[in-house]
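*Asks:* First to last, the protein sequences are chains R and H. First residue of the first sequence: 36, per this note's numbering; consecutive thereafter. First residue of the second sequence: 146, per this note's numbering; consecutive thereafter.
These aren't lab readings, by the way, just hints derived from the structure by calculation. Wrong hints could be hidden among the right ones.
Unchecked claim - Ranges between beta-carbon positions, derived for each pair:
(1) D70(R) to V278(H): 47 to 57 angstroms
(2) H281(H) to K44(R): 52 to 62 angstroms
(3) I388(H) to A120(R): 18 to 28 angstroms
(4) A164(R) to K387(H): 52 to 62 angstroms
What the hints assert, rightly or not - Listed below are the simulated DSS-like cross-link pairs for lysine-lysine, each with C-alpha atoms no more than 25 angstroms apart in a straight line:
(5) K172(H) to K96(R)
(6) K95(R) to K158(R)
(7) K172(H) to K190(H)
(8) K425(H) to K95(R)
(9) K69(R) to K160(R)
(10) K387(H) to K425(H)
(11) K190(H) to K69(R)
(12) K112(R) to K44(R)
(13) K69(R) to K168(R)
(14) K111(R) to K66(R)
(15) K121(R) to K44(R)
(16) K190(H) to K168(R)
All C-beta atoms, glycine included, are put in the ideal place defined by N, C-alpha and C.
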Amino acid sequence: MATKYEITKHEFSVDVRRISDGHSCAFMAKKVWKDMGSTYQGDVLYTTQHQNDGLIPDGKKVGDVFIPGDTLPEGKKVGDVKVAAKGWQEEDFDWDAELTRVFGEVDADVKTAITSHFTDDLKAKYVTAEKAK
Amino acid sequence: MTKARDLANIISGGLTADDIPALPASKITSGSLGADRIPDLPTSKITSGAFADARIPDLATSKITSGTFADARLSSGSVTQHVDLTALSADNLTSGTVPSARLSLSASDVPALATSKITSGTFADARISSSSVTAHVSAVTQASGSWTPAPSNGSFGIDNGARYARVGNLVSVTCWLTGSSQGDTNTNIWYISGLPITPVNTGTASDVVGMGTAYASTGAKHSGVAYVFSNTSYIYLMHGSKIYSADDNSEPANQNNWGDSNGRTTNWNMRGWMSSGSDKGMALEVTYFV
Numbered sequence: 036m037a038t039k040y041e042i043t044k045h046e047f048s049v050d051v052r053r054i055s056d057g058h059s060c061a062f063m064a065k066k067v068w069k070d071m072g073s074t075y076q077g078d079v080l081y082t083t084q085h086q087n088d089g090l091i092p093d094g095k096k097v098g099d100v101f102i103p104g105d106t107l108p109e110g111k112k113v114g115d116v117k118v119a120a121k122g123w124q125e126e127d128f129d130w131d132a133e134l135t136r137v138f139g140e141v142d143a144d145v146k147t148a149i150t151s152h153f154t155d156d157l158k159a160k161y162v163t164a165e166k167a168k
Numbered sequence: 146m147t148k149a150r151d152l153a154n155i156i157s158g159g160l161t162a163d164d165i166p167a168l169p170a171s172k173i174t175s176g177s178l179g180a181d182r183i184p185d186l187p188t189s190k191i192t193s194g195a196f197a198d199a200r201i202p203d204l205a206t207s208k209i210t211s212g213t214f215a216d217a218r219l220s221s222g223s224v225t226q227h228v229d230l231t232a233l234s235a236d237n238l239t240s241g242t243v244p245s246a247r248l249s250l251s252a253s254d255v256p257a258l259a260t261s262k263i264t265s266g267t268f269a270d271a272r273i274s275s276s277s278v279t280a281h282v283s284a285v286t287q288a289s290g291s292w293t294p295a296p297s298n299g300s301f302g303i304d305n306g307a308r309y310a311r312v313g314n315l316v317s318v319t320c321w322l323t324g325s326s327q328g329d330t331n332t333n334i335w336y337i338s339g340l341p342i343t344p345v346n347t348g349t350a351s352d353v354v355g356m357g358t359a360y361a362s363t364g365a366k367h368s369g370v371a372y373v374f375s376n377t378s379y380i381y382l383m384h385g386s387k388i389y390s391a392d393d394n395s396e397p398a399n400q401n402n403w404g405d406s407n408g409r410t411t412n413w414n415m416r417g418w419m420s421s422g423s424d425k426g427m428a429l430e431v432t433y434f435v
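Please put together the full structure from these sequences, using the hints given.
*Replies:* Below, the structure is given as C-alpha cells:
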C-alpha cells in the first residue's frame, strides 16, 4: 500500500493526495467526449462591443476582420460541415503520463491502485454514464 | 443566790450573775453585744440583707449543684482547657455548617464524584481536554494543497498557482491560468480536468454540485460561469449573453472567442484565449461539494 500518497476510490474516479504537501488530483476512469465535428466559419468582425472594451488594435476599426473565416472549398458555404461529427469517443489514459504530469513521478502503488480500480467493467459503466448525461 | 431577797432591801454591794433573772430579748434595747456574746447561728436565721464580699468564704465546686452561670462568669480558658480541638471526631459535628474558610482539602481528601453531582456552573476551557470535545463530534475533514488543472484541448500554463482547501464536505479551488497554444476548431465541449477531490455523487449525473466564476480576456465578454457536475472531476464553463441548462449542448459555440458566443464553452471558443499572450489570463475559482 502506498505510504507517500493517500488514495480514495470512488465510483468512477480515484483521488490521489500526496501526503507531504497535499497536492491532489481526482483521476477519472477514462477519457470520454462527444465529437461534435465542425462547420465552415465566416470572418469574425470587430464589433462595437470590442470597441467599447478596447479590444480593437490600432489600425483596425469596427467591421474589420477580427478572425478570418475558413477558406471555403468549391461548393461549400459558411455553415456547411467541415469535419463530420464522430459522436461519442473514448480513450484510455496513459497512467504513466498522467501521474508524471500531475505528481512528477509514477508511484508504483498509486498506479496499481488506479489500474486495479479502473477495470474494464467499471470503465464501460463510466462511458455509459457519460453518454447518458 | 442563796435566798430570796427584796430588791428594796439591797443598799450596798452588787448583784451576782446568779442574782440576774432570765431576760426576754425585748429587754435589750441599747448598747452593743460583744462578738463573744453572739452565739453560733443556723443559716436559717439569715433571711435578708447582703453579706459583704469579704464575708463570703471560698466554695467547693461540689456546692454548685443547680442553676446556670452567666456566660460572662466563665473564662475562655475555663471552657477550652479540657477540650482537645485537634482531635474532634466527625461524630461531634452533627448540625450546622462548617464555613468554607475553615475547610482546606487536599486533592486526596476529595472523593470520586458522580457526574450527576455537577449540576451548575461551567468548566473553564483549560479543564476540558480536546478529546473530550471531539469524542462525540463527527470529525471534520480538512485538507489543503495544490492541484493540477489541465485543459481537455489546447494548452495553458499555471501562472500564479492552483490551490485548494477542503473543510468538511466543501472544497474551494482557485487557479490563475494563461493560454499557451490553441486547440481544435470544433465544438467539442471544453473543460478543465484535475480537480483535487472527486465531487459528491448525488446519483444524478447532471446535478451541478459546484460553481464559481471564470474571468478571462477573450472577446467582448470576460466572465462566465464555471461549474462542476456530480461525480466528475471536471470544471465546465458557460458564457455569453445566453445561459442554458448546464448540460445543454443545443448551441455549441463555434467562435474563436469565448466572449463572442453563447452556451457551453467549446474547444473552438478557447482558441482566442489560448493564443499566447501576456494578456491571455484566466482567473478561475470554484466551490463544490464532496
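*Asks:* Decide, hint by hint, whether the structure agrees.
*Replies:* Hints, one by one, checked against the model:
| no. | hint | result |
| --- | --- | --- |
| 1 | D70(R) to V278(H): 47 to 57 angstroms | holds, 55 angstroms |
| 2 | H281(H) to K44(R): 52 to 62 angstroms | violated, 29 angstroms |
| 3 | I388(H) to A120(R): 18 to 28 angstroms | holds, 24 angstroms |
| 4 | A164(R) to K387(H): 52 to 62 angstroms | violated, 27 angstroms |
| 5 | K172(H) to K96(R) | violated, 166 angstroms |
| 6 | K95(R) to K158(R) | violated, 51 angstroms |
| 7 | K172(H) to K190(H) | holds, 20 angstroms |
| 8 | K425(H) to K95(R) | holds, 20 angstroms |
| 9 | K69(R) to K160(R) | holds, 16 angstroms |
| 10 | K387(H) to K425(H) | holds, 23 angstroms |
| 11 | K190(H) to K69(R) | violated, 140 angstroms |
| 12 | K112(R) to K44(R) | violated, 50 angstroms |
| 13 | K69(R) to K168(R) | holds, 11 angstroms |
| 14 | K111(R) to K66(R) | violated, 33 angstroms |
| 15 | K121(R) to K44(R) | violated, 32 angstroms |
| 16 | K190(H) to K168(R) | violated, 132 angstroms |
When each numbered hint is compared with the structure, violations occur for hints 2, 4, 5, 6, 11, 12, 14, 15 and 16.
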